[in-house]
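K.L.:
Using the sequences provided together with the hints, build the complete structure.
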Amino acid sequence: MRGVEQADSHTRSVSIAVVDSGVHVPHPHLPRVAGGVTLEPEGHESPGFVDRIGHGTAVAAAIHEKAPDSELWAVKVFKRKLKTSVPELVHAIDWAIDRKIQLVNMSLGTRNRLRAPELGPVIERAFKAGTVVISAHQHDGAIWYPGALPGVVGVIADIDQPRDQLGLIELPRGTAVVASPYPRPIPGVPVEQNLHGISFAVANATGGIARLMNETGIAQSSDSIIDLVRSRI
1 MRGVEQADSH
11 TRSVSIAVVD
21 SGVHVPHPHL
31 PRVAGGVTLE
41 PEGHESPGFV
51 DRIGHGTAVA
61 AAIHEKAPDS
71 ELWAVKVFKR
81 KLKTSVPELV
91 HAIDWAIDRK
101 IQLVNMSLGT
111 RNRLRAPELG
121 PVIERAFKAG
131 TVVISAHQHD
141 GAIWYPGALP
151 GVVGVIADID
161 QPRDQLGLIE
171 LPRGTAVVAS
181 PYPRPIPGVP
191 VEQNLHGISF
201 AVANATGGIA
211 RLMNETGIAQ
221 SSDSIIDLVR
231 SRI
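Using the working numbering, you'd call the opening residue of the sequence shown number 1 and step up by one each time.
Since the hints were made in silico from the structure, they are not lab data.
All C-beta atoms, glycine included, are put in the ideal place defined by N, C-alpha and C.
There is no bait here: all hints are sound.
Label pairs and their in silico Cβ distance ranges: (1) R113 <-> E170: 18 to 24 Å; (2) R173 <-> I233: 16 to 22 Å; (3) E170 <-> K81: 34 to 40 Å.
P.N.:
Laid out in structure tokens, this is it:
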């Protein structure tokens, strides 16, 4: 495993769709978002994206911390619980593709490999459009989708990974990004007691990647993003 420092300068704005429970703004750690949508069953959409769970706001704040100049879009698929459907995930990615959003943060997924074929076509559409999905590859010994699919930047959480670095690890299914599972610290709260997990590893990876893209130019595929991270090692 190898690490790459996340540099401090950023000059371009990368657009990121945060597929989650929406966001609550303004928030002390998330002053603004560019816009968003709530995705409903049967392919319907509704305006507004208020976060009633808090998960999406925390994820978006973790991304914003790493890449404060990035343009964040809230795509709400979780309503009252952290539960959604594969068709809504497909809809979320297509929504981002249609708006030419560059990165899609999915701090979620399914362990059911029988559902993977339903996600493959939208990942192919994203690849052709230059939209890159970032999602959990493996967690607690289980393979997750879409993170383990070709064309997706898969993420692995490592408690020993510094929060200000990204790593790379070679796996049988390809190269994955390694990131810390901890969000930004809360003063007075021990890091182990703060909310943490694979969701924040994905968010930290997305923020770190966006920051590198802000610095160096636009990467338009999972392979080019892996190469970008590797080039900074």
